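For the record, the sequence lines run as chains U and S. Position 139 (the first sequence) corresponds to 139 in this note's numbering; numbering is contiguous. Position 97 (the second sequence) corresponds to 1097 in this note's numbering; numbering is contiguous.
FYI, nobody ran anything at the bench for these hints, they're computed from the structure. In this text, all values refer to a predicted model and were calculated from it rather than measured experimentally. Honestly, I wouldn't trust all of these hints.
Dumping the calculated DSS-like pairs for lysine-lysine here, alpha-carbon to alpha-carbon at most 27 Å [claimed, not checked]:
(1) S:1131 - U:165
(2) U:165 - S:1186
(3) S:1131 - S:1143
(4) U:83 - S:1086
Here are the simulated distance ranges between beta carbons [to be verified]:
(5) U:87 - S:1178: 31 to 41 Å
(6) U:115 - S:1124: 48 to 58 Å
(7) S:1134 - U:143: 26 to 36 Å
(8) U:244 - S:1152: 35 to 45 Å
For glycine and all other residues, C-beta sits at the position ideal for the given N, C-alpha and C.
For reference, the chains in residue letters:
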Amino acid sequence: MTVFGYRLPAMSSLILWGILWEIVGRSGLTFFIPPLSDVFSTLISVIGTKPFLKALSETAYAFSMGVLASILIGIPVGILMGKNRLLDELLLPWVNMFLSAPLTALVPVLMVLFGFGMKSIIITTTLFAIWIIILNARAGVMQINRSLVEMARCYGATPLVAFYKIYFWAALPEILAGVRIGVIRAVKGVIIGQLLISIVGFGALFELYANNFLMAHFWAVLLVLFALAFTVSEILAYLERRVSYYAASR
Amino acid sequence: MVMPQIKEVAGQAGESPVDNAVVARGVSKTYGTVEALRNLSLEFPRGQLTSLLGPSGCGKTTLLKIIAGLLEPTSGEIEVNGKPVKGPGPDRAFVFQDFALMPWASVIRNVAFGLELRGVAKSEREAIAEKYIREVGLSGFEKAYPHELSGGMRQRVGLARALSVDADVLLMDEPFSAVDEQTRRKFQEDLLRLVENESKTFIFVTHSIEEAVYVSDQIAILLPRPSRVSEIIRPGGFRQKGADAIRRDPEYLDIVDRIWASLRSYVD
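Build out the structure end to end from the sequences listed, making use of the hints.
Below, the structure is given as structure tokens:
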């Protein structure tokens, strides 16, 4: 964007919103919004503390295990659904249902099934992320150029070889788009899981700060989370752009 | 009604018993209620180029894919080198109308892909691929990606891939239909040289009469609904006259006219 002939760097509108936040915070309108500068100084003081680092590592562990599980299960399942009509008919209604279902309501059931620990949080994260990954991998496989598949068969590829030499790569642009959305959903999943199931990780910190009206702390942790989610999403978007050169020419 | 005609034509042409690389015997193919091929029999002499020519929807690509082993015939059988076809095999290589290149792989990996699938070691298969990349005139583009190449160059990659697996039979499905006219002419000339130099059997699907007459040793004219071989033409004398003279040869022009006369009524 250009203003008065000056080219503004990307996301400079954030500065404007930051200033607005600061003004609202300083005016003392509501205890809920402390000034942004307070939030940042709290952030710096909080970030090295033991509870924060513990929360961060716990969350990162649950998050990465959940994302890993949904990628490792979701991509092959999606590819198989795209290839196999029968499997597709069997699974697609469930995938669509879970994609739009209010998964938060399922969390209590998970607690009963898997206990109040890390396992349930990981499973919640997986449940949030996996469905969109499956659907995108499936869509990616379904639009594969048929002659590419015939080519692989012609030159002697077994179904397994065709799976990882052709189907996976041909569907990669869609798969990465699915993973990116899945990862964003996994951030929701991991926080909701931590809040509802067991008071650990950032869930515990939120609970603690909110109950004690430590709003600056609350916002600081929230900003960290937003920044983490945004970074992960941008990394994936970068990967997506790297493969998009062939997305149109399959 | 079809068979006697074939025998008659074959009788005229075959002064000695011909060595056939591929034989189709009574091949039928139905898709649900649609009959794509009915009781089609055809012989493909070794080391020659046979064109399958006909109006669209006459099942020529279906026949080619049955020969490739990609489709199964409803009845009848295909023999390659005397052995019945059960599926795709290393004795046949396919050149696709839309090139079927892997867009995520470089030219050299695309060309070497057939060998990669056969488990040939990387250095060895790349050496072979380089040789054929040179042969089709793409030296210097080994590291390029398909989206950086023109349509004609992409088909050269497809051709190099088919050549590098060293199959006896090359199946070409309208290989030049997606490239521009000048490139197509160049391709046709190159193909003549290829048929001469490589001792391979070519089966070539086309809907262009001129192209078929120009490149073929034998032209099988297929008529649609359901598909059958209506005529087999073996262009004679003009083929030795060199690439430039063929298009002006009276026999070439006569055959083109004759084929057009018999196909004309099927064009809708």
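Practice problem: List, from low to high, the hint numbers that the structure doesn't satisfy. | Solution: 2, 8
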